[in-house]
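**Q** Next come the chains, spelled out residue by residue.
2 protein chains.
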Amino acid sequence: MARIQARVLRGFRDYMPEEMLPRQKMLQIVEQVFLSFGYAPLQTPAMEYSEVLLGKYGAEGDKLLYRFLDNGERDIALRYDLTVPLARVVAQNANLPLPFKRYQIAPVWRAEKPARGRFREFMQCDADIIGASGSAAEVEILSLGERILQRLDVGAFAIRVNHRGVFDGLASLLEIEAPDQKIALVRTLDKLDKIGREKVLEVLANEVGITAGGLEIVSAFLDLPTGDLDAAAAFFSEQNAGAAAVSDLARTVALARETGCGESLLPDLSLARGLNYYTGLIYEASLNALPEYGSVMGGGRYDGLMDIFGAPPHPAVGISLGVDRLYAALSEMKGSESASTATKVLVVVFGDEGFVSASRLAQELRGADFATEVYLQPKTKIGKQFRYADRKGIPFVAIQGSDELETSTVRIKDLQKGEEGVFSFSDAVAWIQARL
Amino acid sequence: MARIQARVLRGFRDYMPEEMLPRQKMLQIVEQVFLSFGYAPLQTPAMEYSEVLLGKYGAEGDKLLYRFLDNGERDIALRYDLTVPLARVVAQNANLPLPFKRYQIAPVWRAEKPARGRFREFMQCDADIIGASGSAAEVEILSLGERILQRLDVGAFAIRVNHRGVFDGLASLLEIEAPDQKIALVRTLDKLDKIGREKVLEVLANEVGITAGGLEIVSAFLDLPTGDLDAAAAFFSEQNAGAAAVSDLARTVALARETGCGESLLPDLSLARGLNYYTGLIYEASLNALPEYGSVMGGGRYDGLMDIFGAPPHPAVGISLGVDRLYAALSEMKGSESASTATKVLVVVFGDEGFVSASRLAQELRGADFATEVYLQPKTKIGKQFRYADRKGIPFVAIQGSDELETSTVRIKDLQKGEEGVFSFSDAVAWIQARL
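Line order of the protein sequences matches chains A and B.
Heads up: the first sequence runs through residues 1296 to 1731, numbered per the working numbering.
Heads up: the second sequence runs through residues 1296 to 1731, numbered per the working numbering.
Among these hints, one or two may not hold up.
Stated by the list, open to error - Stretch-level coverage of chain B by chain A, calculated; a stretch enters the list once three of its residues show a Cβ under 8 angstroms from a Cβ in chain A:
#1 1342-1350
#2 1361-1372
#3 1397-1411
#4 1546-1556
#5 1670-1676
#6 1700-1711
Claimed, not checked - Straight-line alpha carbon distances no greater than 20 angstroms define the calculated SDA-like cross-link-like pairs of lysine to any residue that follow:
#7 B/1408 with A/1392
#8 B/1679 with A/1393
#9 B/1674 with A/1392
Because the hints were derived from the structure by calculation, they are not lab data.
Don't be surprised by glycine CBs; every beta carbon is placed ideally from N, CA and C.
Generate the whole structure from the sequences, applying the supplied hints.
**A** Below, the structure written as structure tokens:
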């Protein structure tokens, strides 16, 4: 067999233990919060019939699908997000008790041009409520998001909220009727944070076809003071669709605040979100300390999407976490841990004859709830065993030589502080616990 | 857009919440044990260059790969197992501190003919030690497996153990020299549990080309009393490779028993395992109460596999759990839970004006560590809200009507027992806790 080069595909990557461990810790917290709010896990296949996915993400999305014929000549594709598979599941299971609250944390695949921090396989982390209209479900989703960011301990954050109907109102002021032009308007406004106001107005003029008079209206719209829903209401006449949207949004925000959540909510009429399927509330969260990471969490109401497979129309509202951004932000805030293992104690081994006692000690330490390894090459010199602990970031080493065995004690060394002591087993446990 | 049928691909399935919840619980226990032994998580991509996977699983395996050209005309394939990607990672990371102990719990894809209980996407759950030769690593893997089955509470089980060298010895007694014939011998013996002894001898005679004299040797080999390594040692002459293998196996078993593990170990020279790459210890676990589920866990030493990408040779030993079989066995033993949610308490809502107090109560209940839902369509009749709790398997309903609000109490109903009471909040918490 010719030698094959060991390499990963362009746009893909391995997650080594030192990165997986803190990522898993983060996702566990998220999952706990999902479960505490009554969201249940759902798992859909990695592959779907292509027709299930095609046309759901726009022409651009269709091109980014990993799509192929399987051995049975079926036209199949890897999932592109978790929302369309959810819509399929809802359509297939007419008897689901509603509201159906599910979460899914799973990789999705998009054949995008790889770039720094952008991969063709990445984790999505979504929770959605299917079958609940009105403000209550929206307040819950906002409160869920707020709780997650609090539990992740990311410091202060803002959840900017808006309502898609505001853009119907704006489009009507601009006398835009063609759906494509309205979509282009929203997409362009969505770039505000990235390209800035001037460039947005330029694109609106040159590419979206907004007139000079229209640009003045957009300017006035962008001048609306952030957080001031009264000013927003005054901007639209009562007959304008924007007025109803602002009043809807005001109700949701007030209710969220009344329930004791919503401290971080900031109504912001310029928040657009790029996806086309939103129909009501939209929101995005960013971290005060690291605004450059952009949106770390977002979502909204998408009442029209769930019936793409001919199921009865279901109202829907959801949340999606930017796992990679959140992880990067957390690493920057807290410093990345260098341990490539969760092991807390390495038991060193004195030759083959020492393996049995070392294994027994390890089992006792595991019983005391310390992840514990025995060094598995018993003939290795003690110095090399210590270096192994050091390289892996294992904080403690336990040693039971003939002296300690005779006196039923154990020697524990704290590698970070360079301190050690000889203890009874229960004292050793307490000593380690106090230092972890 | 034409209406698309909502369906999953043949050989694939959705895992709905009622199944995901107990599966996740099971995998969490497994993961905790992995971590407590110092195994760290690794995540490799779902896709690899086809050349990385081709030829590693035999001609049959190559045919079962999901293989296709991506948009950039790269020849890629979905992972078929977790072992070959691990070998790739080890080859790519020459500076990994050894032994490298990793686990991975992830789906793999094989285009097999779908059958009852056999899917084209299924979860693998592997832990491996790379870079440790000798008995210590083998004892640890056995002890890890034993601990997992104990923690999963599957009742009594047997871990049958053998050594691949035994078949080198047997092949030499049968004067088999061609590698293919030896592989066929092992593969046929591996079917002993499935097709029985007579059929095995028939296949050996007709398809593997074993002579009548050879069949007598095989018969004597199969007659060796299970568990008796002295008899096994006596079967092979001292010069025969089988003798060294038996002595190796005896050392590992003795060491495992000395470390306090290994109670369930049962040496069985007829245990073969189908995969070709094993070089030493092999083992498989089955449940005493449900032998018909076959092997629920297995693995062995495969010292030759890790250098397929030209990395320096690394000894390796691993464990693989049969997630689906274990889950099915656990469900049969304990009865499958019918809850489609982890929610413990549903807070019913009395109209829009009741949503704020209901949300506050839910937050308090979450704070007391009960997963709690608020019913999200506040205008819904109370009877329908109760039916929702019932259909989802939520055990408790909390009610705070005007009476309870006035007296700062909460009414809790135990839906399973049909009992209820009005409590202060802290008494309510205690009442629920006592019944969970």
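**Q** If a hint holds in the structure, say so; if it doesn't, say that too.
**A** Going through the hints against the structure:
1. 1342-1350: holds (count 6)
2. 1361-1372: holds (count 8)
3. 1397-1411: Coverage by chain A holds for the segment 1397-1411 of chain B (4 residues, Cβ < 8 angstroms).
4. 1546-1556: Three-residue rule met by the segment 1546-1556 of chain B, so holds; n is 5.
5. 1670-1676: holds (count 3)
6. 1700-1711: The restraint on the segment 1700-1711 of chain B is violated, since only 0 of its residues have a Cβ under 8 angstroms from chain A and three are required.
7. B/1408 with A/1392: Since the Cα atoms of residue 1408 of chain B and residue 1392 of chain A sit roughly 34 angstroms apart, the hinted pair is violated (cutoff 20 angstroms).
8. B/1679 with A/1393: Holds, at about 11 angstroms.
9. B/1674 with A/1392: Within the cut-off at roughly 17 angstroms; holds.
Checked against the numbered hints listed earlier, the structure breaks hints 6 and 7; every other hint is satisfied.
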